[in-house]
Amino acid sequence: MNNIGLLTIFMLSVFVGFEVISKVSTILHTPLMSGANAIHGVILVGAILITGEAQGAVQLTLGFIAVVLATANMVGGFVVTDRMLEMFKGRKPTPASDVVQNGGAK
Amino acid sequence: MSTPVLFAYWVTALCFILALKGLSSPKHARYGNLIGAFGAALAVIVTLCLHGLGHRWLIIVAIVIGSLLAVPAARMVKMTAIPQMVAIFNGVGGGAAALVSLTEFVKLHDTDTNAAASAVVFTAIVGSVSFSGSMITFAKLQELMTGRPILVPGARYVTSAVGLAALGLGIATVPASSVPLLVACALLSLVLGVLFVLPVGGADVPVVISLLNAFTGLTVAASGYVLDNTLLIVAGTLVGASGTLLTQLMAKAMGRPITGVLFGAFKGVSTAGSTAEVTTGDRAVRSAGAEDLAILLAYARKVAIVPGYGLAVAQAQHTARELVDLLESRGVQVFYAIHPVAGRMPGHMNVLLAEANVPYEQLKEMDEANPEFSSTDVAVVVGANDVVNPAARDQAGSPIYGMPILNVDEAANVVFMKRSLRPGFAGIDNALLYHPKTTLFFGDAKDSLSKLVAAVKSL
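Line by line, the protein sequences give chains A and B.
At the far end of the first sequence sits residue 106, using my numbering, and the numbering has no gaps.
At the far end of the second sequence sits residue 565, using my numbering, and the numbering has no gaps.
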């Protein structure tokens, strides 16, 4: 693709990146950081591509290490994020009836 | 690349956007993460199936090795150690991105355009900084080294010099198209990453992890440019942009300008507080046993629990909940006051308390909790220190000055559960410990809470 095309994609991605997380609550800062961390593990695709075309031992070794590291980043990132979010499951927002009960007890 | 492959990459990019969107709302966070994982898996499988991909089995072996290393680590890591886990995963991602560009450069350096070579240099520098910087943040959080800022006289000049040297080598690499120059540049950048993170104070480390995370995102985007791969550009830029914003949000939650986090220690402001010795000789502290405290708590009207890292380390969240349930059954009104950076990362404490099934209604964020303290009878601080240190509010010279704190000193009584009088993670002495209305209860957070539970039960 030409440079202007790539630049356009880059610019639009910046805006989307800002936009999607602009209203995140502090509770989710850690999972969000971890999830974003897993997403950049997609460098694995790049690592596979360069290893696939590698010629000679040096390139192959570098590519191999890159694939191992990128996999650790991606897989580990998603698993650890899921573990964090597992903690939030089954939690409902405060039901209205509870508030009334608490208020009434005082 | 063929159209179906590009289409799969497009789907993956879309999944990543939806993942980030989902992760920013409590309701959809888990789905968001799963969508992201699905997208990533799709992209990897499609890439592995590319026609004419060489060394396919070797790559699959590498993927298996990477998974075998990461999955058990991610599964078994304790909730309290999650920040350092994220730091490690981020670091290896940065390292992978730097290696990808380096390999591409080794392969293509004759035919490279200047623009692509510049992108390679960018990934080499930023990826290396992210890798070594993340490793140092890991060491700090894992307490393999001190969490305090490490200050060497003239460190600022050394860091600037190394940074400029790395940049100079990088610029020289572009026209010369020289692999040794690029390797030298990457090595210097590794040193730069270490120097960059060493002076960052303990409490600020999470902000740095977030920043390095954004760095890795941008590195991945630049690799995407080198490889002419739009998926990498989109994913990397998304993380780079959202990570930058997240870094700002975190710094704001701590009431610190981002420059203060990164360069505060360079200016020497941290030294005053962190080197202050804990002199207990001339200042009396009051400590009490479980029975006295049980009476204080059981006959209070309103009690605030302020959990901190000490509670997390001792895995005492379940015992804390037991105590709270017990007090509530006696008619005491109890709430948890959660500082945004309680634990080691923003939101960390919420994760831990959610694990102990603490109901949402009892959790009060800082803005909600602070007006409550003046009407609170007892504030129980469990293993927290810096987030309740009044110095952040009153002492302009203190390194944590300006950080919003929980105003527990407004409560009628303050109980500190601590292992010792040692200062907190940021290494700053806390005057509240010596205040007449403060009672200390020494011991491991879990033991202390268990003793309290038993004492309240026997009342």
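For the record, the hints were derived by calculation from the structure and aren't laboratory data.
Watch out, some of these pointers could steer you wrong.
[As the list claims (entries may be wrong)] Capping the alpha-carbon separation at 25 Å, the derived lysine-lysine pairs in PhoX-like fashion look like this:
hint, chain 1, residue 1, chain 2, residue 2
1, B, Lys408, B, Lys213
2, B, Lys358, B, Lys127
3, B, Lys470, A, Lys23
4, B, Lys358, B, Lys213
5, B, Lys470, B, Lys543
6, B, Lys133, B, Lys184
7, B, Lys408, B, Lys557
8, B, Lys557, B, Lys543
9, B, Lys557, A, Lys23
10, B, Lys133, B, Lys470
11, B, Lys184, A, Lys23
12, B, Lys543, A, Lys23
Quickly compare the C-alpha distance for Lys470 (chain B) and Lys23 (chain A) to 25 Å and report which way the hint goes.
holds (19 Å)
For Lys470 (chain B) and Lys543 (chain B), compute the direct alpha-carbon distance and say whether it is at most 25 Å.
holds (23 Å)
Does the alpha-carbon distance linking Lys408 (chain B) and Lys557 (chain B) stay inside the 25 Å limit?
holds (21 Å)
Pair hint Lys358 (chain B) and Lys127 (chain B), alpha-carbon separation not exceeding 25 Å
holds (21 Å)
Pair hint Lys557 (chain B) and Lys23 (chain A), alpha-carbon separation not exceeding 25 Å
violated (42 Å)
Would the pair Lys543 (chain B) and Lys23 (chain A) pass a check requiring their Cα atoms to be no farther apart than 25 Å?
violated (40 Å)
Take a quick look at whether Lys557 (chain B) and Lys543 (chain B) sit within 25 Å of each other, Cα to Cα.
Roughly 22 Å between the alpha carbons, so the hint for Lys557 (chain B) and Lys543 (chain B) holds.
For the pair supplied as a hint, Lys408 (chain B) and Lys213 (chain B), is the alpha-carbon distance within the 25 Å limit?
Violated - the C-alpha atoms of Lys213 (chain B) and Lys408 (chain B) are around 69 Å apart, more than 25 Å.
Take a quick look at whether Lys184 (chain B) and Lys23 (chain A) sit within 25 Å of each other, Cα to Cα.
violated (29 Å)
Pairwise hint evaluation, Lys184 (chain B) against Lys133 (chain B), where the allowed Cα distance is 25 Å at most
holds (24 Å)
Straight-line alpha-carbon gap Lys358 (chain B) to Lys213 (chain B), limit 25 Å
Outside the cut-off at roughly 44 Å; violated.
Can you confirm whether the C-alpha distance between Lys133 (chain B) and Lys470 (chain B) stays at or below 25 Å?
Holds: Lys133 (chain B) and Lys470 (chain B) sit about 19 Å apart, inside 25 Å.
The structure fails hints 1, 4, 9, 11, 12 (numbered hints given earlier, in ascending order).
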